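First residue of the sequence shown: 1161, per my numbering; consecutive thereafter.
Just so you know, these hints were derived from the structure itself, not from any lab. Just so you know, these numbers come straight off a predicted model, no measurement behind them. Be a bit skeptical, because a hint or two may be false.
The following label-pair restraints were derived from C-beta to C-beta distances [to be verified]:
1) ALA1204 to VAL1165: 51 to 59 Å
2) TRP1290 to LEU1229: 23 to 31 Å
3) ASP1261 to SER1239: 38 to 46 Å
4) LEU1229 to VAL1165: 29 to 37 Å
Cβ atoms here follow ideal geometry from the backbone N, Cα and C, with glycine treated the same way.
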Amino acid sequence: MSTSVRGIVSRVGMGVWLFAVWLLLWGRADALVVVGGVIVVAVAYRVSRLPAVPTLRRVRPLWLLLAALEFAWDLLLSSLVIAWHALYKPREVKGAIVEVDARTRSELILLAVTTSISLRPGTLLVDLDWDRHVLHIHAMPVRSQKEADAARGGVLRTEHRLMRALVASEDAAERDVSTRETREDR
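Kindly generate the complete structure, drawing on both the sequences and the hints.
See below:
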């Protein structure tokens, strides 16, 4: 799909989403509400110049299911670790700001990664440099460099799972280039 077609599809998708929210807010779908919703969506697009929503090239359902199961497992483990430290070692819990260099170039996948790590107890996104794709997370418990590296590794594993499940156009293009360069080097 070409970039312009993808942009149009993305904008239409966002318009449909805004229209659906409009209908949910009104709680009914009579003629006046529907016409009003179409007008509001058109005006919102014209006035705000909403950006195109990033699109995915492909969704892999089995990898997505596996990523969801791994997220649930991470959620359980991190909840137990934080509960243990809160109940039995509250004075010994230390946190740290950990810098993580993201591999993905997709804003959509980066958003999914940051949401995923922020939903888990013990980790929270503090800052995100969109230009350099660098995340700064607050992780706990972190008392040593080894634990900081483990927190960084956890974020990178989450990113890898999501990149495997949700193939973004930006990441796919980068993989195609790196694959071509590897073949040409031989």
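Right, here's what the structure says about each hint:
| no. | hint | result |
| --- | --- | --- |
| 1 | ALA1204 to VAL1165: 51 to 59 Å | violated, 22 Å |
| 2 | TRP1290 to LEU1229: 23 to 31 Å | holds, 29 Å |
| 3 | ASP1261 to SER1239: 38 to 46 Å | violated, 27 Å |
| 4 | LEU1229 to VAL1165: 29 to 37 Å | holds, 34 Å |
The structure fails to meet hints 1 and 3 from the earlier list, while all remaining hints are met.
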